[in-house]
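**Q** Listed here are the chains, written in short residue letters.
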Amino acid sequence: MKRKRPSRVELLQGTLELLILRTLVSGPSHGHAIAKQILRTSKEAFLVETGSLYPALHRLEAKGSITASWEQSEKKKRAKYYRLTALGKKELIAEQSKWEAFARAMGLVLNPLEG
Amino acid sequence: MTSLFRKLNWLLRRRNKEAELEEELQFHLDEETEERQAAGLSPEEAYRAARVELGNVTLLKEDTRAAWSWVRGEQLVRDVRNAARILKRDIRVNVVILCTIALGISANTAMFSIVNVMLLKLPIQNPERLVLINETHSADSLMPVSPGTFLELQRTSTSFQSICASLDQRFTLLEGDNPEAISGVLVTGSYFATLGLRLQLGRGITQEDDQVGRSDVVVISRALWARRFASDPEILGRTIQIDSRQRSVIGVVDIGVEETHVWVPMAFDAADRDNRVSHNLIVEGRLKPGVSTESAATELQQIARRLETAYPDTNLGWSVVLTPMTERIRVLAYLLLSVWGVAGAVLLIACANIANLLLARSISRRREIAIRMAIGATRFQVIRQLLVESIVLALIGGAAGLLLTYWGARGLNSLGSDVLPITVRMEPILLAFTALLSVTTGVIFGLAPALDLSNSNLSESVKDGSRSATAGQGHRRTRSALVVAEVSVSFVLLIGAGLMMRSFVKLSSVNPGFNATNVLVAELTLPARKYASADEARQFTDSALQEISSLPGVTAVGASQALPFSSGFTYGVVFEGRPDVKDNANPPVHYFAVSPQYFHALEIPLKRGRVFTKEDRAGSSLVTIVNETFARRFFPKESAIGKRIRVTSERGTWREIVGVVGNTKQEGLSTRPTAQIYEPLDQIPFSSMTFVVKTTGRPMSLARNLEKRIQNVDPEQPVAVRTLQEIVKESVFPVQIVMIFLSVFAGVALLIATTGLYGVIAYSVGQRTHEIGLRMALGADRRRLLVMLLRQGMFPVAIALMLGITVAFALTRVLRAFLFQTSATDALTFVGIFVLLTSVSLLACYLPARRALKVDPMVALRHE
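Sequence order for the protein chains is A and B.
Under numbering that gives the first Met the number 0, residue 114 is the last one in the first sequence; the count climbs by one each step, no gaps.
Under numbering that gives the first Met the number 0, residue 863 is the last one in the second sequence; the count climbs by one each step, no gaps.
Be a bit skeptical, because a hint or two may be false.
[Claimed, not checked] In silico DSBU-like pairs for lysine-lysine, Cα to Cα no more than 35 angstroms straight-line:
1. A/K75 to A/K89
2. A/K75 to B/K60
3. B/K613 to B/K642
4. B/K60 to A/K89
5. B/K853 to A/K97
6. B/K664 to B/K636
7. B/K60 to A/K42
8. B/K505 to B/K529
9. A/K62 to A/K42
10. A/K89 to B/K16
11. A/K62 to B/K60
12. B/K613 to B/K664
13. B/K16 to A/K62
14. A/K88 to B/K16
15. A/K88 to A/K76
16. B/K16 to A/K35
17. A/K35 to B/K505
18. B/K707 to B/K664
19. B/K16 to A/K97
20. A/K76 to B/K16
21. A/K42 to B/K16
22. A/K76 to B/K60
23. A/K74 to B/K642
24. B/K505 to B/K664
25. B/K16 to A/K74
26. B/K60 to A/K88
Keep in mind the hints are simulated off the structure, nothing from the lab.
The following block holds chain A by itself, in its conformation from the complex (with noise of 0.2 angstroms):
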């Protein structure tokens, strides 16, 4: 079977939030642009459904990770920026080295002459 695209890998329960604080650091973004950067920073295998992208903004938002606000966009449209907070950039840490500790622990399992 030939595949237009590159293949695509389904998102694990609990990591598309993580995929959202990552993206923020680099600066304040709206829905739609945080799900372009996560594709394209993923080499097009994670593709974000909006289904899932704005209750994870919205819960991350009532956890009190990110704020938002609205902000004029580049092409000078009203939209909702979201923004890392303090307790966002902790928690970035904790969840990314606890993701990094399964990711390398699930290499050692998975290849274990490699190691």
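Once you've looked at the hints, dock chain B against the given chain A.
**A** Using the frame of chain A, we list chain B on its own:
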């Protein structure tokens, strides 16, 4: 803290957020469309593609909104919504559960209302310093106090802050054209201050009001104020007519349930002040701070001894004693709280029963819960959800129970004011109590099933699914234990109710010594201003008797200054030719002054000699009649007829005993007969008297005409009419009310326990349908199978009965005070209740067992 604030802020801004989300998504859609257009699609195609990429917007919005919610609150709402859904699913069992809760809660809200009104809202201040003062003769029963003694106590005692006297009396209230007989009380000026009665409006009666000629004032009860005067705030200063006297209202008493509706000044006259023979005043005193009841009692003794020396004719042998008021309240509290204890037991039975039903149902939910836990619900979340379900059930049931109490009390009150001594008002405190009780109830009956269910083991349950998750051994044991508890508690309650019923029946069948059937009593007091001389009173009595006897439907009419079942009058008696011995020769006997037809109207039997005739008039020879107890006690070896006696107040006038009549009960059906003497009313007229009228038909239908006939003689004379039966019934009221409550509660308990038993048997038989089918297919005898099922069902019942008998033996002792000629371990009651409970249980087991055996073996075998 900040996060809480943020969430709060969000909740407030929620409507706004909807619009914002809309805008945010619109922006996303626009961006996407633009991007696709830039990639070379036509505007329509670009829009459609962007729209597809966005996906299901409704779902998206819902998921997003979920992120806004105040997490915990939302979860609770979800649990409640869940609960409602699950409750709807199993409607039949839930109706049974709701009815059970309603009955259990209702019993307790009723008791709460009563206790709230009678104990917590007592209108008296600091009741612990109040004492009741009585006179007593040679350590006999306690008697009310005579006016002379009361005034002496008031004048000389130093132990009391104040001391007051009161006298219950019935009055006629005339408002508009409608005279109404109401109960009230004559009080001395110190009454309100002594009791510290709380007033809703105005002031109480004071010493200034309590004087002859200045006493035209009245204090009314809140109930009367509401009923007759529509709670008119301008009531103070208004004059109302009470017993044909205009009295101006000076206050409204804040009183809940008591019978008393009007308070009027006593206003002793000169004759009262020297009256030391009529023991008729209820005397209460408030102790000075720092004075003990013991030292007050000693002082009263000293005063009594002084009175004995000063007035040996009237006070010899009399002493004055006190009883702390709290003791009376304690008796009432004890009674109420024990009945409440019974209501609590009913609720506990209800809880056990519901827990049982929920346990039975939990089998069918085991898989649901197991799956929920497998996909990530924590044990706590599961328990919380199950408890919310129980609490929702309990709250609905509690609301139903509250309404049941409310309507029930209203229904009983509408039957007659005497049926139930409570009015249930929907007060905040009652609502709060019901809500709290409901939640507690929900937790109690829901906890065991919730803990049990949350223990579900996924693999076991899901695997077990095909055999509908059969309950384990431990599970069945829990349910049997609950049945044992229910049945044994019901047994104890039924024994209590049975004993009360037996007492009540015995009490009701006691012969009072007279026949109260179809007898009207008309009470009246001739005003001293109008009937100054004995002749005038005599004339009134004669004419009234004549008027009444000519009334159609009247077969006999008599008059008396006192009635049986009233505290009445007591006098000491002196016997001709016997020395005055302090302890024996001057004992108080109940005294009646009666017209000749009195014995006939009440059907009091003549035992020896004769009754009074018209010839026993003023001026003819002085005669008297005694009852059998009198004759037996004072003339044990000889005939009383022809002997001469006199009461202590009539000096030097010996009366000859001309007849002996049967005993009549004086202070209630349960009391022993007392010695009684009768004198002809014509020879010793009284201003306060009662006509007793024997009628042929329904007595109350004659009441109005009776009143008119009396008013033919004196149009201004008020009369209070009621039936003698009513008076007799009032005397058994305490026993009756305890019996009614206990019976109702025990009946409810029996019903609940029986349903529980039925449920358990039906369920366990249902579980074993397969096994039963197998046995039958293999040729087992149906009857043997039935016996086997019954034996298994009755096993917990047998244990419960043994337990119940043991506990009942120990507990029914607390009822002893209310029992009449019935032992607390009455064999008949125990056997009767044993048989009743055994047969009801057998039936509860038999019905489901028979149904199971009727099933075709093949169907049963295939049953899963």
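**Q** Next step is simple, just say for each hint if it's right about the structure.
**A** Each hint, compared with the structure:
1. A/K75 to A/K89: Distance of about 33 angstroms is within 35 angstroms: holds.
2. A/K75 to B/K60: At roughly 26 angstroms apart (the allowed maximum being 35 angstroms), B/K60 and A/K75 satisfy the hint.
3. B/K613 to B/K642: holds, 22 angstroms
4. B/K60 to A/K89: Given that 35 angstroms is the threshold and the Cα spacing comes to 29 angstroms, the pair holds.
5. B/K853 to A/K97: Answer violated: B/K853 to A/K97 is near 65 angstroms, above 35 angstroms.
6. B/K664 to B/K636: holds, 24 angstroms
7. B/K60 to A/K42: The hint holds at about 29 angstroms.
8. B/K505 to B/K529: Not OK: B/K505 and B/K529 at ~47 angstroms, beyond 35 angstroms, violated.
9. A/K62 to A/K42: holds, 29 angstroms
10. A/K89 to B/K16: holds, 27 angstroms
11. A/K62 to B/K60: holds, 18 angstroms
12. B/K613 to B/K664: holds, 26 angstroms
13. B/K16 to A/K62: holds, 16 angstroms
14. A/K88 to B/K16: Holds, because 25 angstroms separates the two Cα atoms, which is no more than 35 angstroms.
15. A/K88 to A/K76: Satisfied, since the Cα-Cα distance of roughly 28 angstroms is no more than 35 angstroms.
16. B/K16 to A/K35: With a Cα-Cα distance of about 24 angstroms, the restraint between B/K16 and A/K35 holds, given a limit of 35 angstroms.
17. A/K35 to B/K505: violated, 94 angstroms
18. B/K707 to B/K664: Within the cut-off at roughly 31 angstroms; holds.
19. B/K16 to A/K97: Roughly 33 angstroms separates the two Cα atoms, so the pair holds.
20. A/K76 to B/K16: Between A/K76 and B/K16 the Cα gap is close to 19 angstroms, so the pair holds against 35 angstroms.
21. A/K42 to B/K16: holds, 34 angstroms
22. A/K76 to B/K60: holds, 22 angstroms
23. A/K74 to B/K642: Violated. A/K74 to B/K642 sits at ~129 angstroms, over the 35 angstroms cutoff.
24. B/K505 to B/K664: OK: B/K505 and B/K664 at ~15 angstroms, within 35 angstroms.
25. B/K16 to A/K74: holds, 24 angstroms
26. B/K60 to A/K88: Holds. B/K60 to A/K88 sits at ~27 angstroms (cutoff 35 angstroms).
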